[in-house]
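If you're matching them up, the sequences are chains A and B in order. In this text, residue positions in the first sequence follow numbering that gives the first Met the number 0: the first is 0, and each later residue adds one. In this text, residue positions in the second sequence follow numbering that gives the first Met the number 0: the first is 0, and each later residue adds one.
Keep in mind that a hint or two might mislead.
[Stated by the list, open to error] Using 25 Å as the maximum straight-line C-alpha spacing, the simulated SDA-like pairs for lysine to any residue come out as follows:
no.	chain 1	residue 1	chain 2	residue 2
1	A	LYS224	B	ALA356
2	A	LYS71	B	ALA355
3	B	LYS255	A	LYS71
4	B	LYS184	A	ASP221
5	A	LYS71	B	GLY267
6	B	LYS63	B	ALA356
7	B	LYS77	A	MET253
8	B	LYS464	A	LEU148
9	A	LYS224	B	PHE71
10	B	LYS455	B	ASP468
11	A	LYS71	B	GLU471
12	B	LYS295	A	GLY235
13	B	LYS183	A	MET253
14	A	LYS224	B	THR41
15	A	LYS296	A	GLU278
16	A	LYS224	B	GLU471
17	B	LYS255	A	GLY225
18	B	LYS255	A	ASP221
19	B	LYS183	A	LYS296
20	B	LYS354	A	PHE70
21	B	LYS298	A	PHE227
22	A	LYS71	B	ALA138
23	B	LYS455	A	MET253
24	A	LYS224	B	GLY267
[Stated by the list, open to error] Computed far set for chain A versus chain B, every beta-carbon distance over 12 Å:
no.	residue
25	LEU53
26	VAL66
27	ALA78
28	ARG290
I should point out that these hints are in silico values taken from the structure, not numbers from a laboratory. Keep in mind that this is a model prediction, so the values were computed, not measured. Note that the Cβ used here is the ideal one computed from N, Cα and C, for glycine as well.
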Amino acid sequence: MLTERDLGGTGSPNGPVPLSLPQALTRWAGRQAGSLFLLPAVLLLMLMSIFPLLLSVYLSLVRFQLVPGGFKLIFVGLANYRKLVAGIEREHFLGLLADLTPLIWGMGGAVTAVLLVFVIRGAARMRPAVPRTAGRLVFAVIAGALTWLAIRTLAPGGRPGTVITTILYVFVGIAVQYWLGLILAYLAAQQIPGRRFFRVVYLLPMMITPVGIAYTFRIMADLGKGPFAPLWRAVGLAEVSWAGHAWGARIVVMIGDIWQWTPFMFIVLLAALEAQPQELLEAAMMDGAGRWQTFWKVTWPQILPVTSTVILIRMIEAFKIIDLPNVLTNGGPGTATESLTLHAFIAWRTLDIGGSAAVAYSLLFLVTFMALSYISLVHRRLAGAV
Amino acid sequence: MKRHVRLVLALLGVLVLGSAAGTPAAPGKQFDGVTVNVLTFTGPQIAEPLQRRGPEFTKLTGAKINVVTVPFSDLYQKILTDMVTRTNSFQAFVFAPQWMVDYVTPGYLEDITDRVKGDAALQWNDIAPFFRDFSASYAGRIYTIPLDGDFQMVYYRTDQLARAGLKPPQTWDDYLKVAAALHKKDLNGDGRADFGSCIAKKRNAQSYWMVWSVAGAYLQSKGTSQGSFFDLDTLKPLTNNAAFAEALRIYVDTGKYGPPDELNWDVGDSRSGFVTGRCGLSIDWGDIGTLAIDPKSSKVKNKVGAVILPGSRRVLDRATGGLVACNSTTCPYATGGVNHAPFAAFGGWSGAINKAAPDRVKAAAYAFLSYMSQRKQANVDVTIGITGFNPYRTSQFKGLDNWVKAGMSASAAKNYLGAIEASLNSPNMVLDLRVPQNQRYQQVVLDTAIAKLLAKQITIQQAMKEITDGWEATTNELGRDAQLQAYRSTLGVKR
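Chain A on its own, in the form it takes in the complex:
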């Protein structure tokens, strides 16, 4: 005789209740139904997402070679990663380190001190202490290494590699996009004439495909023949071109990225601004608060959770930047504007499949680290701010 417990049930307090076979099977099937319904989605997810992820780990450990009859993948261990951090690709990937100066030592020391305080405070305050401190320690080591790399490669005599160039695009781009988007959203939320028109205009760059944006921006940024060429000549800069200077080219790529993505910030922040309760604003007004005070004391805290989410989404997306540097400069001059994705793409299209996968995996690690750090250090606090 089958009992409920035999079929994985918890049973009644008075002991197992005997069930007939059909009843037991029906109950068992009912309990499995959830898993069964989920199974196709899980399998699909594994097939579409996890399998390629695992396969690309394998690809990053091999070398692709064409041989009679097709190709073969030769296992080379961590050679593709070694090439990036210690081999011929090191300068390309990590950059050229500037000589150590007292200023660099000072900045490095300051960062180290801040991170040490962060870890020690965590150890003193957080419970459970061991896992949380370990988490903070890992964060401090990686963040410290990245900051040190940024200081050494951005200092005079250094040269940022694709890692730091990508991080620059992300941080500078998001900061400007956010504030610009917020200002525009704030203006568009006011009852001013033409607000509907401007709402549509501000959204236009987001409606165009990224490559279309890149080509449009390439035409606009051509100061030899583009629409701004006469203005450029008129101010006596005909002999100057951003394309020949590393920072000029980087700034142009960042302007293009800002132009493309500010609308995304704008639309989300506009929705957040318009969704805030009017009573609070009216109450602030009644209490005699000015516009500035109302914004900082009432509106800003209200939109903080949305702010945090929108920054997180943009950050994950921004790490994958490729269209603009590829179309505008092909990563040049030199390697000045090359992002990690473009780095991987160039390796891939010349059959260095393993090298390409290693760069892509490094990017995945970087994005995951940044996103997790952001979520635990910033997002949770801001999201719970209201």
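Keeping the supplied structure of chain A fixed, place chain B upon it in accordance with the hints.
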């Protein structure tokens, strides 16, 4: 009921008869119902003649030609991916013959030796021997049909040089002198200062060929089989010596007389710059010659001269790594003490067939490529700038009728064809790299280092070290012996 049936039958009869009378039955064509997908790069060059002549070919044979294009930098990988993954969505490809080694080795391309031998209309022997051997053949078998002939040359403004009392550059030092003399002069009468030299220096574009056009004369002096990329015994790169340093200095110095955004110029920009009269000199394949006669865009019609790539009076001594003066021993093919080494960069667009395609489609693809290369079509197409096709058949150098008909003056045509012929007939022609995965040597290592050098991110010494180390690492990765054997065989060296 019977009446209704009769009526319907009668109506059907009328319809059938009517349709038969309205459309006379077309005689069955050889390739009716066959579609050939041809993959090449985003034009308009190269894609344009294929797209224009596709419908002509359909009318003749019934085969539909569907031309698909991708950016040049993606073409190599796109072709390979299509075949490696056995997707086989393309039955024919028009690509750079230097990539052939990577497609032939795994057995992805159709061997068309027998088809070519049996194809009288193709007039195979009219194709210049260099293109038959280098662009079409691998290990003694034919895999592609040449559609284009590629040599880099230097273009100059005949009117401006005459006005300045200058001769076309014979050496790279002359090139710099001419560029300096024309720089900041108004070359097209628009009242604005123009540029002495315009070269495609954009990264991930054509810059790595341009720099080798300069370097060839310093690195190779004893004939084509000497090679210009590696030492023939060890496969050590020839990129860390006084000769290559001098070539890099020249290449960097051309930037003093170029447009301010030259580092972001590809050949589209340099060609456009030259034919609109903004540049005094340029390095390019045969394209500027024909683009300059296009009345729609050119402001320099019959004001353009072409000359074999300038040379050097000093060349590399491979034993010491130093520069030595040219004499009968060091430069046996020198002209007036100047060692010229015309660079057959890229080799010329060529068409190949996917081995995995069905037999009838392969036959149609072959017929189309043959049609494109046959004299009647090819000898017209090479005179049209937009095609991107440059002369590669002997008949294209004989008789100026097609060229004059296309709008070139007889003297300009003679000058243009003379420069190509001089390159083609040079015993010291520099062959492009054709070892397996040559893209990694040129498009990644060389191109990146040159881009960094031009952007002043690294010095000449650092660039040479970076190229040498990068090439050595690539060779070690791919196997030195196999790469050395492949390098020797492309140069026709047997040891």
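Verification of the supplied hints:
no., hint, verdict
1, LYS224/A - ALA356/B, "violated, 45 Å"
2, LYS71/A - ALA355/B, "holds, 19 Å"
3, LYS255/B - LYS71/A, "violated, 47 Å"
4, LYS184/B - ASP221/A, "holds, 22 Å"
5, LYS71/A - GLY267/B, "violated, 38 Å"
6, LYS63/B - ALA356/B, "holds, 15 Å"
7, LYS77/B - MET253/A, "violated, 29 Å"
8, LYS464/B - LEU148/A, "holds, 24 Å"
9, LYS224/A - PHE71/B, "holds, 23 Å"
10, LYS455/B - ASP468/B, "holds, 19 Å"
11, LYS71/A - GLU471/B, "holds, 22 Å"
12, LYS295/B - GLY235/A, "violated, 31 Å"
13, LYS183/B - MET253/A, "violated, 32 Å"
14, LYS224/A - THR41/B, "holds, 22 Å"
15, LYS296/A - GLU278/A, "holds, 14 Å"
16, LYS224/A - GLU471/B, "violated, 41 Å"
17, LYS255/B - GLY225/A, "holds, 23 Å"
18, LYS255/B - ASP221/A, "holds, 20 Å"
19, LYS183/B - LYS296/A, "violated, 59 Å"
20, LYS354/B - PHE70/A, "holds, 16 Å"
21, LYS298/B - PHE227/A, "holds, 24 Å"
22, LYS71/A - ALA138/B, "holds, 22 Å"
23, LYS455/B - MET253/A, "holds, 21 Å"
24, LYS224/A - GLY267/B, "holds, 13 Å"
25, LEU53, "holds, 19 Å"
26, VAL66, "violated, 7 Å"
27, ALA78, "violated, 8 Å"
28, ARG290, "holds, 44 Å"
In summary, the numbered hints that this structure violates are 1, 3, 5, 7, 12, 13, 16, 19, 26, 27.
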